[in-house]
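Asker: Following the hints, position chains B and C against chain A.
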Amino acid sequence: MSLRKYLNLMFTLSLVVAIGCGQGKEVVDEKDLGEDDQALQTAAAENTAGGTGAPAAAATAAVANAATVGGLVKFEGTKPKSPTVQMSADPYCASQHKDAVVDEEVVVGPAGELANVIVYVKNAPATPTPTTPAVLDQRGCQYIPHVSAVQAGQKIQIKNSDNTLHNVHAMPNVNGQFNEGQPVQGMVSEKKFDKVEPTPFRIKCDVHGWMKSYMAVLPSSYHSVSQANGTFSIGNLPPGNYTIVAWHEKYGSQEQQVTVAANEQKQISFTFKG
Amino acid sequence: MTFLKNFVNVLSVASISFILLSSVFFIIVYFNLMGGRLKSKGGIGFVVFGAILVVAGLFVRPLLYLGVAYFLVLWALAGLGGRLWDAKVGKWMLIFGGAGFALSLLDGNFFLIAAKPDNVPIAAMIFLLGIFTWIALRKAYYNDQAILAGGIPYEKTESDEKLFTWPDLVYTEMLCMIILTIVMIVWSIGLRAPLEEAANPTSSPNPAKAPWYFLGLQEMLVYFDPWLAGVVLPTLIIVGLMAIPYIDTNPKGNGYYSFRERKWEIGVFLYGFLVLWSFLIITGTFLRGPNWSFYGPYEFWDPNKLEPLVNIDLSELFWVKMLSMPLPKLWLIREAPGLILVMLYLGIAPLLAIGPFRRFYQKMGAARYYVGAYLFLTMLALPIKMVLRWLFNLKYLVHIQEIFLNI
Amino acid sequence: MKPQEPIPHNYSMRTLNLIFALTSIGLLAVTGAMVFYDYVRGWKWFQLEFNRIQQGRIEQELRANNDEAMRKQLAALDKETREGQVEIARHRDRYVAAQKELEEWEGRHYAADQDYRFAKALLDAKRYEVEAAHVQHRADEHQKQREYDELVARLASRNLRLQQVTRDRDAARARVGVFLANIQKVEDRRKELTAKAELLQKQLNSVSFPSANSLILNAPMVDFINPTLKIDQVVLNDLFIEMNYMAVPRVDRCQTCHRAIDRPGFESKKEAERLLTELRTKLDKNLIEPSRRADAEARVAELERTTKASQDILNPFRTHPKLDMFVGSASPHPLLEYGCTACHRGQDRATEFGRAGHTPMSKRMEMRWKKVSFPLFPRTKDYEQRNWGYEVNPFLDTPMYPRQYSEAGCVKCHAGQIDVEGAEKITKATHMVELYGCHACHKIDNWRFSELQKPGPSLEGIAEKTTPEWAYRWIANPSRFRPTTRMPSFFYQRNMVGPAVPPAERAQNVKYQDAEIHSIVTYLFKSSTRRAWSAPTAAGDAARGKELVESIGCMGCHISQDTIKDDKGVVRVAKRDDFPLERHFGFNLVGVGTKTNPNWVFNWVKNPKAYDPLAPMPNLRLSDQEASDITAYLISLQKPRFMQDPMRPPDPKAVRELAKGYLINTMTDRDAEAKLNAMPLRAQLEYLGQRSIEKYGCYSCHDIRGFDGLKPIGTELTIEGSKTLHLFDFGFFGDSTHTHDYGNDDGEKEHVLHTVPSWIYNKVRSPRVYDDRRAKPYNDKLKMPNFHLSPEEAQLVTSVVLGLTKEKVAENRLAARDPRHRASEEGRKLISQSNCRGCHVVNRRGRAIASMIPDPNFLPPDLTPEGPRAQSPWLFNFLKDPTVMKIRPWMRVRMPTFQFTDNQAATLVAGFAAEGNEHQFDTTQFLTPSAQNIAIGREVFTMLRCQQCHSLTQVDPANPPIPNIADTQSLAPNLTLSKIRLRHDWIADWIRRPDEMIPGTRMPTNFPRDPKTGGFQSPLALAMDSPQFAAQKAALLPYFQDETALKKTMGDAVALTNYMRDYIWSIGIDRMRSAGAGESTPQRVPLQPQPTTPPAPATQETRLR
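Chains as they are written, first to last, in this note's numbering: chain A, 1 to 274; chain B, 275 to 681; chain C, 682 to 1786.
Bound-form chain A, shown alone:
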């Protein structure tokens, strides 16, 4: 009955492994942390909140002597001329913008800071699902934010702030896709993606062809999106070796290995070549 023995062995092994991983994080109260820890956390909270509207740190359990990985996403090469979006198809949209709207695909700052880059920890320990929902707003016939990352199972509120018809057509590959009309201004429909889908998928509006947004569904809340100034920051990270992935809708993804010590504030930077 060699087969049976073998399977038993496998099972016990996997158990051991599971337990081993389980010991990774132990939960502590907020107040037991040092000031700097708290400071760090709040910072991280702000940063990530800016990115996804999901304050990861707030959601996840605080971690003893947690580290932060922050940094800058830069763009090298001649910065591409972003085309202006032609909104004449829907007069309403046009009316929402005084000056011409530029396409958000590549947003590069004066010093070549690249915005809208999803940065996340690939092999991060699991974190509890955030209670605060991520928000995807449609304002002025544009998605805000343009790219975002959420955690699997996290609630997402899709909002239509425009007085026109939008239809949210999410086209994931792993999760089930949906296409919902939002004819009413201010109406919100709540969704969530249960399966992890790290390569971001497109969310589009069939009514307004120019409207698109990208969303990644990640296993943990250790993610962030670079802002206009190209900065990002992933906080509350337990010490260890990690692979940090940066993804841009046009320039694809990059990876970096980092090792963070206790309470360290690691600074790394990604560079995308145009």
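Hints are computed from structural coordinates only; laboratory data are not their basis. Careful: at least some of the hints might be erroneous.
With a cut-off of at most 30 Å between alpha-carbon atoms, the simulated BS3-like pairs for lysine-lysine come out as follows [unchecked claim]: (1) C/Lys866 / C/Lys781; (2) C/Lys1246 / A/Lys192; (3) A/Lys273 / C/Lys866; (4) A/Lys98 / A/Lys204; (5) C/Lys1457 / B/Lys579; (6) B/Lys579 / C/Lys1044; (7) C/Lys1693 / A/Lys195; (8) C/Lys1003 / C/Lys1693; (9) C/Lys1462 / C/Lys1256; (10) C/Lys781 / A/Lys122; (11) B/Lys669 / B/Lys659; (12) A/Lys74 / A/Lys250; (13) A/Lys192 / C/Lys1464; (14) C/Lys989 / A/Lys195; (15) C/Lys1729 / A/Lys191; (16) C/Lys1135 / C/Lys1464; (17) C/Lys963 / A/Lys195; (18) C/Lys1444 / C/Lys1106; (19) C/Lys1464 / C/Lys1207.
On the chain C side, residues computed to face chain B include the following (Cβ under 7 Å) [unchecked claim]: (20) Asn691; (21) Thr696; (22) Ile700; (23) Gly707; (24) Leu708; (25) Val711; (26) Tyr718; (27) Val721; (28) Asp1078; (29) Thr1079; (30) Val1101.
Estimated spans, in silico, between C-beta atoms of each pair [claimed, not checked]: (31) A/Gly186 / C/Ala1612: 49 to 57 Å; (32) A/Glu190 / C/Arg974: 19 to 27 Å; (33) C/Pro891 / B/Pro395: 35 to 43 Å; (34) C/Lys951 / B/Pro395: 20 to 28 Å; (35) C/Ala1181 / B/Met599: 46 to 54 Å; (36) B/Pro391 / C/Arg722: 16 to 24 Å.
Each residue gets a CB set at the ideal place from its N, CA and C atoms; glycine is no exception.
Answerer: Relative to chain A, chains B and C alone:
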């Protein structure tokens, strides 16, 4: 090794093995039973026959093999003479036979055939047949020696003593019964008593074989018209067997083994039973493969193997080949040569009656003599027909579709 | 008298006795062995083993069930009982009294009841006497009548008494009950609690072994009474098995060992994971109706347990992997009606591994099966290792299908269908057989493969489109010119020039083959028509042509590449199965420029039917300019290297010999010689050509002049699957001395098992393989051409052939045999013959073109819901002539004109309707909705802002304005075209659930389903009050008695959608151009009938001479 296998394969071809077997039979009768000598006139005859075989072998390879085998046997048996019936010799023969069989089992193809559950009993039968015949003849030989020396057969010497039916007879019989039952059960379990799928007329296995005890008949079909081989001959066999006690009036050898005193009776029977009947069964069992074509014991049963079918009737042989003229329309004329031959063959009996067999005729009287003679002739018809087939590819002596009479 | 002196014994009695003793013991032993051998059966071991597994599970459950909480509760109950008893004890005397009284009453009741019964019995008996007396006019008739009446009276009184006594008895009971009430309640609660445990216990007793009753019931000699281990069987009265010319009902005993086949929870881990993902996605997309949701979730939990289980379940204990399709009681093929062997084949009644006809799927499997530690009694160890001591059984008529061919079993009943639901393999396989044209050479006499068009193009005009030089090289080696071609290689195959062929013969064969090819080419070009085709009218631009070819839909049926970049980014030669089958419908465009000439291409693309009235290629209504561009592009696709391949001139000697070989069949040698001497080489070639075309059967796939009405050359395959093993010629692969491995023509290793499936597989994989090591005369060698099938393709084809059996099933078991299904199947057949799936999705399959058109919004429509969607008259009209209505004028892809005959179009329309389970025609198109509905509809319409995408201005359907806005994406069909085109009910349904009808459609879901109830939600229910809708609200209120009613309606998706439908109905146009106008229908050249098309259409069609 392969040469040896080839040698056996060739020897086992129906025609050759038949000639070999027959000659072995006569050799044994002459040298080992009748105490013949190579020096003697008869002995020379045997040598000459062998020589003819060898000479023919120079032109026809298989016959050479036959010749070699013939001389080996002749030399061995003639050399042994009466000693063939020594217990030791018998033991060694048995050992050699068994060893040969065992070694052959190492050959894949031989194993496939011999180890087939249906064939196992027949393989066993070969040995049993040999052993019992040997024992019987052995006793006969010693009795003959005794009688020649003016003594009395062994059985007579002990026939005065008396024994109880129980336990001496019945008890032992019962034991045999029990033991046989055990053997049977073990056997049937061991070989998974070979029942096959439900019979399916749409798909007949190739080769389609009769049960082993009928394989002799099936083999006869190769040489005879179904009507003869399937109906007439079997009937005659049964009738003949029933008739034996009435034909055989020889008072000698009652209650004791003897050959010299009943050479004709025993000789004819043994030849018919061993060489004609058993030989055919064995051929049909082991050597007939797909499409009923012939395969040596070490040959693979390849369904693609084909045998040339160029058999012709006597009429064609006579009219077309010899006289090179078209076949006569009228069947009576067309088949005349065949019919005449058959007539002649049947006519032999009366001729013999006045000729060499006068003694028999007088001793037995007309009725017995003719019945016996014709049974004997029919029996001989088989080997004759076989030889004719092998020599001239002869299909039928008489072939009258008009009245479905084929001989 | 003196004692007789003892007679000595011949044997020593002691030895005899000894022998006797020993042998009799022996006899006993072997008898025992016999019984044992008869008693110990493999299937018993399996049943025990399975019981063991179940036992484990049940015990686990019991343990889980009997947890702390449970124990606490039970304890509590015990306590209560005790209290109750104490309570009673307190009023002991009263209780006892009551009890006593009750007993008396019980006694009385019993007596009374009995009296009543007796009286009744007497009465009944008497009734008969009365009747008898009456009928026979007996004297005592009246007296009997009197007695009867008395009895009636008696019965009445007895009954009365009984009722009274009963009443009193019940009263007494009640009095006692007062005391026992509490205890009773407690007992009931206890029962509820322990119910589950008891059930489990029962199950446990039934499976636990060894247990007293199982040991006794299964003991040898006793086990005929009521054994717990017994053979399970289902009798299938209308699925027959062939037994000597007689179809007898099947008796499947498979579950005797395959215990859990119909029981969920015994899947292998792999299966469990697959099912889990499937079910989860179903739940996510809430495709499961709310009522079944709970079960589904339970199943998910169970599957999860299975995946986590410590040990994997092995066969024969596994659950059927497709319970929802087969065996499951809720599935379309429940075990009790279909059993197992109806699909899997095998010996239905057998209970032994080998006898049942299990067939290994590979060499490795066979090896494992054959293993056994001790052949007489396979031991437990063997079973656990799944070694069966298997030996090939050549006598079996219906061996099982090996696992990879399991779907072959579908054909028997589903041969009347194009798509077999849930059997993707066989569906693809049959499609492949149809496309590659196996049916053309091998007659397959069933609905699926009869009356199909010839797989190859007509060669009656070959001289018009190509040159002999090309034709020669093509025939010599088609796949060299187009690696993906469907045309098989006939020449220079392994049995002609393979390594096994001796060099001298090889050289000779090459000569012969050259000669044959030359002769075939000569004949084809001699017999070909030579019409002159006009040159392109405009100067073509290749670039534009390319762009056209890729955008207007050619790529639905064609490929234009012979290399492909695989996932590793390496460029390699393309294989057929790199592309969807549909795209092999037309030939691969690669090198077409080398093959043919501009004039022909130009006219062909403009109107294929002009060249060959039966050409499968439809008319794309190209303008002269477009046609010229495309021509330019196609001509630019060159393959110059191909034309440099050597073209050996025919060897006169070879030609002569071959020709003579044919001639002497009909004349003597001398006449043949004379005839040949009279013929010049060319004439000889022509003669030989004709004979060679007959020999290789070219005419069965291509139309060639002078071969009408010849029978196809291949073996008929109608019942090939039922042929028994010994009818297949394995050549030298059947024998024990040679290896059964071989390297096939494409260099892969293959193995020939001695089974029918393996024979067929290897035959289609490398058709000439069974000629290996055989020396045959040239013309006797195997002729089947090499399709260069990949292993997967070969398996698919094999599974079809295996499925073609003579096994009968009763009428009522045949799939899709009612008129509705027939109609839809006929439609599907035509769809498959016209390759609609190249561009459209038809019932969830097809749209091969998708890979060529990046944006899904520019793809041709999904026709899955076409039946319920389209009105038949419109559809008929549109099919005949797509130009009558441009639904999405901005599309580049064109619906081509197929020049369907009326019958064909009608067949399609009927087919779609039937498929959508709709009546072909309805009256709804004449409805005129009420003004109120229209008004409400309009408001809802505006609230949902539909007009943002849908135009509402009336247009000429034939050529509506192409909207010239920056991005045409934000557009949807003009709704004024709906009334004439769409079915009334469908519109509302579509607005409700677009994404469920056509997954991924751009039509947004406005009424999302509630994940819990699965019902529709309406966004307007709440939004009604928002200021932006103030106007609409004001407008709507008058139509409802009050605001609540309005709100209610606004929350009701069904009502809303119906209003909108009515509105849309009201704005629709109801007139459009009829088909056939304009030049879209071609002017037909006079034609004569042609055998391969379905008779009905063919009546109008005639053939070119």
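Asker: Each of the hints needs a verdict: does it hold here or not?
Answerer: Hint check results:
1. C/Lys866 / C/Lys781: 23 Å, holds
2. C/Lys1246 / A/Lys192: 37 Å, violated
3. A/Lys273 / C/Lys866: 80 Å, violated
4. A/Lys98 / A/Lys204: Given pair A/Lys98, A/Lys204 holds - Cα atoms ~23 Å apart, limit 30 Å.
5. C/Lys1457 / B/Lys579: Judged against 30 Å, a Cα distance of about 14 Å means the pair holds.
6. B/Lys579 / C/Lys1044: Status holds; Cα separation ~28 Å.
7. C/Lys1693 / A/Lys195: Between C/Lys1693 and A/Lys195 the Cα gap is close to 20 Å, so the pair holds against 30 Å.
8. C/Lys1003 / C/Lys1693: Cα-Cα ~27 Å, so holds.
9. C/Lys1462 / C/Lys1256: With a Cα-Cα distance of about 28 Å, the restraint between C/Lys1462 and C/Lys1256 holds, given a limit of 30 Å.
10. C/Lys781 / A/Lys122: 82 Å, violated
11. B/Lys669 / B/Lys659: 9 Å, holds
12. A/Lys74 / A/Lys250: 14 Å, holds
13. A/Lys192 / C/Lys1464: 62 Å, violated
14. C/Lys989 / A/Lys195: 20 Å, holds
15. C/Lys1729 / A/Lys191: With a Cα-Cα distance of about 25 Å, the restraint between C/Lys1729 and A/Lys191 holds, given a limit of 30 Å.
16. C/Lys1135 / C/Lys1464: The hint holds at about 20 Å.
17. C/Lys963 / A/Lys195: Holds, at roughly 14 Å.
18. C/Lys1444 / C/Lys1106: Judged against 30 Å, a Cα distance of about 20 Å means the pair holds.
19. C/Lys1464 / C/Lys1207: 25 Å, holds
20. Asn691: Since chain B brings a Cβ to about 5 Å from C/Asn691, closer than 7 Å, the hint holds.
21. Thr696: 10 Å, violated
22. Ile700: Hint on C/Ile700: holds, closest Cβ of chain B at ~6 Å, below 7 Å.
23. Gly707: Holds, about 5 Å.
24. Leu708: 5 Å, holds
25. Val711: 4 Å, holds
26. Tyr718: Since chain B brings a Cβ to about 5 Å from C/Tyr718, closer than 7 Å, the hint holds.
27. Val721: Hint on C/Val721: violated, closest Cβ of chain B at ~12 Å, above 7 Å.
28. Asp1078: 6 Å, holds
29. Thr1079: Not OK, violated: C/Thr1079 not within 7 Å of chain B, min 10 Å.
30. Val1101: 29 Å, violated
31. A/Gly186 / C/Ala1612: 49 to 57 Å: Given a distance of about 33 Å, which is not inside 49 to 57 Å, the answer is violated.
32. A/Glu190 / C/Arg974: 19 to 27 Å: 20 Å, holds
33. C/Pro891 / B/Pro395: 35 to 43 Å: Holds: the Cβ-Cβ distance is about 41 Å, inside 35 to 43 Å.
34. C/Lys951 / B/Pro395: 20 to 28 Å: Violated - the Cβ-Cβ distance for C/Lys951 and B/Pro395, about 50 Å, lies outside 20 to 28 Å.
35. C/Ala1181 / B/Met599: 46 to 54 Å: 50 Å, holds
36. B/Pro391 / C/Arg722: 16 to 24 Å: Holds, since B/Pro391 and C/Arg722 (Cβ atoms, about 20 Å apart) stay within the stated range.
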